[in-house]
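Starting from the structure of chain A, add chain B where the hints point.
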Amino acid sequence: MSEPRLEVKKTSKLFIGGAFPRSESGRSYVVSSAAGEFLCNAAWASRKDVRDAVVAARGAQPRWSAATAYNRGQVLYRVAELLEARRAQFVHEVRAAEGATARSAAAQVDAAIDRWVWYAGWSDKLAQVAGSSNPVAGPYFNFSVPEPTGVIGIVAPTDSALLGLVSVVAPVLAAGNTLVVLADERRPIPAVSLTEVLATSDVPAGVLNLLTGPADELVPVLAGHRDVDGLDLAGAEPALAATAEATGATNIKRISRLVPQGHDWRRDPGTSRLLRFVETKTVWHPIGS
Amino acid sequence: MALDAQGAGPDTPVFDYAPAPESRAVARLQSSYGLFIGGTFVESIDGSTFKTVSPSSEEVLAEVTAAGPLDVAGAVAAARAAFEGPWGAMPGRERAKYLYRIARLIQERSRELAVVETLDNGKPIRESRDVDVPLAAAHFFYHAGWADKLDYAGFGPSPRALGVAGQVIPWNFPLLMAAWKLAPALATGNTCVLKPAETTPLSALVLAEILQQAELPDGVVNILTGDGTTGAALVAHDGVDKVAFTGSTDVGRRIAESVAGTRKHLSLELGGKAANIVFADAALDQAVEGIVNGIFFNQGHVCCAGSRLLVEESVAATVVAMLKRRLGTLRLGDPMDKNTDIGAINSAEQLGRIVELADAGEDEGAERWSPPCTLPEKGWWFPPTVFTDVSPAHRIAREEIFGPVLSVLTFRTPDEAVEKANNTTYGLSAGVWTEKGSRILAMASRLRAGVVWANTFNRFDPASPFGGFKESGFGREGGRQGLGAYLDV
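Top line first, the protein sequences correspond to chains A and B.
If you read the first sequence in our numbering, its first letter stands for residue 4, the second for the next number, and so on.
If you read the second sequence in our numbering, its first letter stands for residue 3, the second for the next number, and so on.
If we strip away everything but chain A, and leave its shape as in the complex, we get:
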């Protein structure tokens, strides 16, 4: 007979520049399960945390975008390997967060891992599919390549804590952007666990930064930040999304609009999210002797 043992609980933290700080504000908020039980005190990020996360994402941008597409693909595939190893943990967390059945939670985690693999493989195909050699009427070799937009703020979906999150994050990373992600306020735990996977993978520090906290406080800060190049409002409420989109006009942010609640995240996503935060660059090179 073994002695009864007290569980060791995990402190939920932010993920900024590869480190796991609490909010600089010292604030936290209660996260409960779908059944209403206390799960953790999540860090309540402040506007300063948003700015720190943007600085980290900007700092990581040159190296991540300049990595060879092959390398980026391998690094992202490695994340899927680690997700698979923690499959049981994610099933447990998705179940607690969403109140799903074990079978449904397992199906979501499997789909999330498979989706990560799918996008990892896109990394070195995107330029071939989205780029082109253009037959201009003159003696020029003219070609177009997709390049990452830069630093992207992502408001994670609020109806799918892991599959939804992976569906919006992985394509933008595969395209070479660096991210500041705001987790689902009420169900942040799978997202926080994802950052723990990233921290032990080969993804460089700062490539993905995660904040937890209230969307209505943090989204406007992200939207107004002039060093954020694009904003995915997938999980934002309509009124908040509209305001954020208008604020984002300050520096002509690329905007991906909110995804209506009830979206079936299991659906084949196609290439549209891969292409949402890329910039087509066209180069003219003379042909001559």
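Hint data in this document are derived by calculation from the structure and do not stem from the laboratory.
Quick reminder that beta carbons are idealized off the backbone N, C-alpha and C, glycines included.
It is possible that some hints are incorrect.
Here are a few chain A residues that sit away from chain B, every Cβ distance over 10 angstroms (derived from the structure) [to be verified]:
1. C43
2. K51
3. Q92
4. D117
5. G227
6. D232
7. E248
8. N254
9. H266
10. T274
Below, in silico cross-link-like pairs of lysine-lysine (BS3-like), each with a Cα-Cα straight-line distance of 30 angstroms or less [unchecked claim]:
11. A:K128 <-> B:K326
12. B:K438 <-> A:K128
13. B:K326 <-> B:K422
Only chain B this time, still in chain A's reference frame:
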């Protein structure tokens, strides 16, 4: 160079050009124009009229209509009816043939269009004849072929049109910008309401006649002349599914705010402050031609103009001397003269902005230079101007001047060139001049700009995607990629 051999400089020409004016008779301008709605020219319901003038002579060319909100509503309704009616139901192969027709009609009426463009805009006839009009026809011709091949454009099977496109265009390339907007929108199956710029409405109205000659179904394209309030009403109209705008970053910002929270799709082609980077190993004669073309083409009224010359320090003095010598040979004057290189500034308002920024350049301590050149008494003119001793903090190195004003800066290493070139909120275009191919490709990949010209500048082609990074906007025009701006993808 021939003049040099005879010991005469460019300021003391041995020979001069005889006047070679293009005939204006071919323009066939009417004294007044209505709005083009539902396939016919109609009177305005709630608008007013204004006069469009020639920037080179200030003479009134025609009276045009400023569309009011009810006119906008009528045009959007006509476009909606056409989208839900004949145009939406039409197979791509039939749509294609309309676009081919339009391309051919532009070619047939090219001389007339070039004259109208030059009269209304003030740009040299040589440019409207050789660049604007042929490229406009080419845009329709290129996109015509896409209309029945969209399944193969890489956006998945049967990509859907967006619906009614509200399109607002600038005055610098009036006909060409209309073509850049209309051709891809129509090829992908949308219908359009186009708002030409206040100061250059005429070529779009000739284009409306061409659409009639092409027998384009009524309402597929509607053209509303007017000022910024007409454009704002169009952009804000509930019946518009897609907004496409080319113009200043300030206006683009307001448009992005106005479509926030709506279903409207948006593409923006905004301002620029392009770096034209000349390395010491470049073919300097060619580079000087490229610098001149980069900033003095179309009086510098070009969003992708090479307005910042970054020249490697070791050749800076040589390049600036060669540039000044070359500028001494440019001919400024009557835009209708076939030998004119620099035409008129499009409006008094634009001239005011150029003057203000150029004065700011002097006030902030940069060295100002222009070739000796007599400006015509009537009209709006600004001489080709070069600023040296420019610091990256000067307004003339940061703000878009949209005029024939070049700021010269220097660099020592490729890293410094990249750093300086990217040190701007814009990101529309860039130029690189070097004989080293590997350096071209390295620079091209590091420059944050939508178009990079290597050993050339200001080249455009309908097959070549055009558009910006950063605050120069988003979405592309031209090429396979440009179709995405008008499809639900």
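Status of each hint after checking the structure:
For C43 (chain A), the requirement that its beta carbon stay farther than 10 angstroms from each beta carbon of chain B is met, with the minimum near 34 angstroms. With a least CB separation of 24 angstroms from chain B, K51 (chain A) remains clear of the 10 angstroms interface cut-off, as annotated. No Cβ of chain B comes within 10 angstroms of the Cβ of Q92 (chain A); the nearest lies about 36 angstroms off, and the non-interface call holds. No Cβ of chain B comes within 10 angstroms of the Cβ of D117 (chain A); the nearest lies about 20 angstroms off, and the non-interface call holds.
Separation of G227 (chain A) from chain B is adequate, the least Cβ-Cβ distance of about 13 angstroms exceeding the 10 angstroms criterion. Here D232 (chain A) does not stay apart from chain B, with its beta-carbon only about 7 angstroms from theirs, under the 10 angstroms limit. For E248 (chain A), the non-interface assignment is contradicted: its Cβ lies about 4 angstroms from the closest Cβ of chain B, within the 10 angstroms cut-off. Not every CB of chain B lies more than 10 angstroms from the CB of N254 (chain A), the least distance being 6 angstroms, so the non-interface label is violated.
Even its closest Cβ contact with chain B, about 16 angstroms, leaves H266 (chain A) beyond 10 angstroms, as expected for a residue assigned away from the interface. At roughly 8 angstroms, the least C-beta separation between T274 (chain A) and chain B is not larger than 10 angstroms, which violates its mark as non-interface. The straight-line distance between the Cα atoms of K128 (chain A) and K326 (chain B) is roughly 48 angstroms, outside the 30 angstroms bound, and the hint therefore fails. In summary, the hint linking K438 (chain B) to K128 (chain A) is supported, as the alpha carbons are separated by about 29 angstroms, within the 30 angstroms threshold.
Using a Cα cut-off of 30 angstroms, the hinted pair K326 (chain B) and K422 (chain B) holds, with the two alpha carbons roughly 23 angstroms apart.
Violated hints, listed in ascending order, are 6, 7, 8, 10 and 11; each of the other numbered hints is respected by the structure.
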